[in-house]
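**Q** Spelled out, the chains give:
Number of protein chains: 2
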Amino acid sequence: MSERGDPKKIVVPGAAFLMSQVGVHSGQIWRERMKKLGLDSRHVVLLRLVSVEEGRSQLALGTQMRLPPSRMVAFVDELEDLGLLERRPNPDDRRIRALHLTDRGREILNTVMKISADHETELTKGLSEAERVQLVGLLGKVATAQGLAPGVHPGVAFQPPNSAG
Amino acid sequence: MSERGDPKKIVVPGAAFLMSQVGVHSGQIWRERMKKLGLDSRHVVLLRLVSVEEGRSQLALGTQMRLPPSRMVAFVDELEDLGLLERRPNPDDRRIRALHLTDRGREILNTVMKISADHETELTKGLSEAERVQLVGLLGKVATAQGLAPGVHPGVAFQPPNSAG
DNA sequence: TATTGTTATACTCTATAACTATA
DNA sequence: TATAGTTATAGAGTATAACAATA
Chain A
1 MSERGDPKKI
11 VVPGAAFLMS
21 QVGVHSGQIW
31 RERMKKLGLD
41 SRHVVLLRLV
51 SVEEGRSQLA
61 LGTQMRLPPS
71 RMVAFVDELE
81 DLGLLERRPN
91 PDDRRIRALH
101 LTDRGREILN
111 TVMKISADHE
121 TELTKGLSEA
131 ERVQLVGLLG
141 KVATAQGLAP
151 GVHPGVAFQP
161 PNSAG
Chain B
166 MSERGDPKKI
176 VVPGAAFLMS
186 QVGVHSGQIW
196 RERMKKLGLD
206 SRHVVLLRLV
216 SVEEGRSQLA
226 LGTQMRLPPS
236 RMVAFVDELE
246 DLGLLERRPN
256 PDDRRIRALH
266 LTDRGREILN
276 TVMKISADHE
286 TELTKGLSEA
296 ERVQLVGLLG
306 KVATAQGLAP
316 GVHPGVAFQP
326 PNSAG
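As they're listed, the protein sequences go chains A and B.
Quick note: the first sequence uses the numbering used here, first residue 1, plus one each step.
Quick note: the second sequence uses the numbering used here, first residue 166, plus one each step.
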């Protein structure tokens, strides 16, 4: 256990609790909005990854999302049923299912980005713009010090209630 | 959808994503440490609630934690097996199981507070003390504006992956 | 008749492993 | 023999509802 700082000076709840409290709240209302689009958070992450580079295999994307192949099948099935994603054959290796966005998938992703921008506005409505920028700066420092990769959310993979994550 | 702000100025990831990213990370490593004590996060919340006011019924505490009675039975069983909590009869109403901490329960709760204080230090190691205080202030403003009750974490109750929370 | 706590049960979501087809 | 994707299956965790004891 670290010995930095004076325990008496640390008020609970402190920054760690507040970040968790507000952060979980942020995720909850964001997922609520995604659900209204018929999407799970992992659907959105998958769509975004495909949009960055189309044609990758299910296994490659599953590895990046830390999802086992059997789960990937289900999520890709669902997105294909929704008409947002396509499995295409790879001529070089017929085992591989190359994933591509449909036009509708691109539209939805656009909608998701608009909703996320609005989510940002709603969540920071208690702050001035200067304060919001300040908050982003401080959180960025924390994220960097914690070794969190930019844009990579640690809560994508499933976490059983009693897990460590 | 809100129309406040200029969408072009909102960079993604912004404050909302960062709060969720860092907040979930905070919760993950905190739960990891609790698990080393043999505790689930809900065990800890329950112990804390009992310590605030001993002798309350399972139903009262379950309502506060938004857990159904059947889940409360399981968690109280587990804490009783660990020797941290006691079910005592209520002479006025023999249906009620009054919950009390054991001495060992109080010790563990003390350990939990020490670990949480250390967790705070570790999580904010990228910040100066002034910055940490600033961050607490900004997050407090956000929490208030979002209507979050102080000290009440929104992630205590179970949330299925596809839920809105 | 209503309420507290317990037990029984069905459901959702998950990871593992067996399997098919390609390589 | 190894790899990409699929299907089958068993387990963990949950909420609902039936239940027993007490009010």
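For the record, the hints were derived by calculation from the structure and aren't laboratory data.
For each residue, glycine too, the CB sits at the ideal point set by N, CA and C.
Hints should not be assumed to be uniformly reliable.
Said to hold, decoys possible - Chain A regions said to be covered by chain B (calculated; three or more residues, Cβ under 8 Å):
no. : stretch
1   : 47-55
2   : 59-73
Claimed, not checked - Here are a few chain B residues that sit away from chain A, every Cβ distance over 12 Å (derived from the structure):
no. : residue
3   : 178
4   : 229
5   : 254
6   : 256
7   : 283
8   : 298
Unchecked claim - Among chain A residues calculated to face chain B with C-beta under 8 Å, some are:
no. : residue
9   : 27
10  : 160
11  : 161
**Q** Now tell me if each hint is right for this structure.
**A** Here is what the structure says about each hint:
| no. | hint | verdict |
| --- | --- | --- |
| 1 | 47-55 | violated (count 0) |
| 2 | 59-73 | violated (count 0) |
| 3 | 178 | violated (6 Å) |
| 4 | 229 | holds (16 Å) |
| 5 | 254 | holds (30 Å) |
| 6 | 256 | holds (35 Å) |
| 7 | 283 | violated (5 Å) |
| 8 | 298 | violated (9 Å) |
| 9 | 27 | holds (4 Å) |
| 10 | 160 | violated (10 Å) |
| 11 | 161 | holds (6 Å) |
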